[in-house]
Amino acid sequence: MTTSGTATVTLLTDEQILITREFDAPKHLVFKAFTTPELVKQWWHANRGEMTVAEIDLRPGGRWRYAAVADGGMEVGFHGEYREIVPNERVVSTEAFEGIPDPDANATLNTATFTEADGRTTLTILVEAPSKEVRDAMIDSGMEAGMQDALDLLEQAAVALR
Amino acid sequence: MARAATTADAFNAVAEPRRRQILDALAAGERPVNDLVRLLGLAQPQVSKHLRVLREVGAVDVREQGRQRLYRLNGHALKPIHDWVQEYERTWTERFDRLDAVLEDLKQKEEGDGNDD
Numbered sequence: 001m002t003t004s005g006t007a008t009v010t011l012l013t014d015e016q017i018l019i020t021r022e023f024d025a026p027k028h029l030v031f032k033a034f035t036t037p038e039l040v041k042q043w044w045h046a047n048r049g050e051m052t053v054a055e056i057d058l059r060p061g062g063r064w065r066y067a068a069v070a071d072g073g074m075e076v077g078f079h080g081e082y083r084e085i086v087p088n089e090r091v092v093s094t095e096a097f098e099g100i101p102d103p104d105a106n107a108t109l110n111t112a113t114f115t116e117a118d119g120r121t122t123l124t125i126l127v128e129a130p131s132k133e134v135r136d137a138m139i140d141s142g143m144e145a146g147m148q149d150a151l152d153l154l155e156q157a158a159v160a161l162r
Numbered sequence: 163m164a165r166a167a168t169t170a171d172a173f174n175a176v177a178e179p180r181r182r183q184i185l186d187a188l189a190a191g192e193r194p195v196n197d198l199v200r201l202l203g204l205a206q207p208q209v210s211k212h213l214r215v216l217r218e219v220g221a222v223d224v225r226e227q228g229r230q231r232l233y234r235l236n237g238h239a240l241k242p243i244h245d246w247v248q249e250y251e252r253t254w255t256e257r258f259d260r261l262d263a264v265l266e267d268l269k270q271k272e273e274g275d276g277n278d279d
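Protein chains in written order, with the numbering used here: chain A, 1 to 162; chain B, 163 to 279.
Rather than coming from a laboratory, the hints here were simulated on the basis of the structure.
Quick caveat, the model's predicted, so the values are computed rather than measured.
The reader is advised that the hints may include incorrect statements.
[Claimed, not checked] Computed cross-link-like contacts, SDA-like style, restricted to lysine to any residue with a CA-CA straight-line distance of at most 25 Å:
#: 1; chain 1: B; residue 1: Lys271; chain 2: A; residue 2: Met51
#: 2; chain 1: A; residue 1: Lys32; chain 2: A; residue 2: Arg48
#: 3; chain 1: A; residue 1: Lys32; chain 2: A; residue 2: Thr122
#: 4; chain 1: B; residue 1: Lys269; chain 2: A; residue 2: Thr124
#: 5; chain 1: A; residue 1: Lys32; chain 2: B; residue 2: Ala239
#: 6; chain 1: A; residue 1: Lys132; chain 2: B; residue 2: Ser210
#: 7; chain 1: A; residue 1: Lys132; chain 2: B; residue 2: Val176
#: 8; chain 1: A; residue 1: Lys132; chain 2: B; residue 2: Val215
#: 9; chain 1: A; residue 1: Lys132; chain 2: B; residue 2: Leu185
#: 10; chain 1: B; residue 1: Lys241; chain 2: A; residue 2: Glu133
#: 11; chain 1: B; residue 1: Lys271; chain 2: A; residue 2: Arg90
#: 12; chain 1: B; residue 1: Lys271; chain 2: A; residue 2: Ala54
#: 13; chain 1: A; residue 1: Lys41; chain 2: B; residue 2: Gly220
#: 14; chain 1: B; residue 1: Lys211; chain 2: B; residue 2: Arg225
#: 15; chain 1: A; residue 1: Lys32; chain 2: A; residue 2: Asp102
#: 16; chain 1: B; residue 1: Lys269; chain 2: A; residue 2: Asp14
#: 17; chain 1: A; residue 1: Lys132; chain 2: B; residue 2: Asp275
#: 18; chain 1: B; residue 1: Lys241; chain 2: A; residue 2: Thr122
#: 19; chain 1: B; residue 1: Lys269; chain 2: A; residue 2: Ala117
#: 20; chain 1: A; residue 1: Lys32; chain 2: B; residue 2: Val224
#: 21; chain 1: A; residue 1: Lys41; chain 2: B; residue 2: Gln270
#: 22; chain 1: A; residue 1: Lys32; chain 2: A; residue 2: Asp14
#: 23; chain 1: B; residue 1: Lys211; chain 2: B; residue 2: Leu240
#: 24; chain 1: B; residue 1: Lys211; chain 2: B; residue 2: Thr255
#: 25; chain 1: B; residue 1: Lys269; chain 2: A; residue 2: Leu39
#: 26; chain 1: A; residue 1: Lys41; chain 2: A; residue 2: Glu95
#: 27; chain 1: B; residue 1: Lys241; chain 2: A; residue 2: Thr36
#: 28; chain 1: A; residue 1: Lys132; chain 2: B; residue 2: His238
#: 29; chain 1: A; residue 1: Lys32; chain 2: B; residue 2: Asp275
#: 30; chain 1: B; residue 1: Lys271; chain 2: A; residue 2: Ile56
#: 31; chain 1: A; residue 1: Lys32; chain 2: A; residue 2: Thr124
#: 32; chain 1: B; residue 1: Lys271; chain 2: A; residue 2: Pro37
#: 33; chain 1: B; residue 1: Lys211; chain 2: A; residue 2: Leu12
#: 34; chain 1: A; residue 1: Lys132; chain 2: A; residue 2: Leu58
#: 35; chain 1: A; residue 1: Lys132; chain 2: B; residue 2: Lys271
#: 36; chain 1: A; residue 1: Lys132; chain 2: B; residue 2: Gln208
#: 37; chain 1: A; residue 1: Lys41; chain 2: A; residue 2: Thr8
#: 38; chain 1: B; residue 1: Lys241; chain 2: B; residue 2: Lys269
#: 39; chain 1: A; residue 1: Lys132; chain 2: B; residue 2: Asp259
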């Protein structure tokens, strides 16, 4: 098993977040794993639960939707629209988190770029919020989600102690 | 709303590369403005402007000593950012670790297909 390290998250500007990671595989495979529903279902849930929906209509103007059910039973959904597809190179799409009011107005624009060198692929995902307010809303909801995770864990630990 | 505003301001404060440099420099200890001007290679008014933003969100504190103003880091104000970035990074790290496994499968399948030819 090859572990290529942790994801690097950088706050570039008020509106931009950059996620970077290197993979020990050529870019056509990373692109495939990134854009094929049955493959996305295997990794996108981040061990937080089970993915119930992975719909991908991979063409400009096509829509996507992911949903996962956390161990607690609550479904979290994300959806968006593809803006640009360059096979094995780049995917540009919007991303709306369905857990906040008015998801589409608060959608980010995500650009995933696949770059290969010596059989290894660097994936960068640039997340751009249309405004600082949207970035803040995203961070705020993310913080609540993180907090909820921690509380769930605490509850599990408390139950285990009974 | 109060929490959102505080969070937003702290994020804004560290989203600027120069301000991150200042925070890095202050992480090593308290410094006067002149030190920061020299370290960053910026004009004093610019450094002062960045320090003002950092002070407004409580990321740095200042005290007077004689004719000098000494700045120091206030890590407490930056904790929400640290927590959020850490959680975000953890989610993506776990996703990508799973993606590693998916890619191993795909590589083996591709090699298998090659041998069949």
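Worksheet item: What hints, given by number in increasing order, does this structure fail?
Response: Hints 5, 13, 15, 16, 17, 18, 20, 22, 24, 27, 34, 35, 38 and 39 not satisfied by this model.
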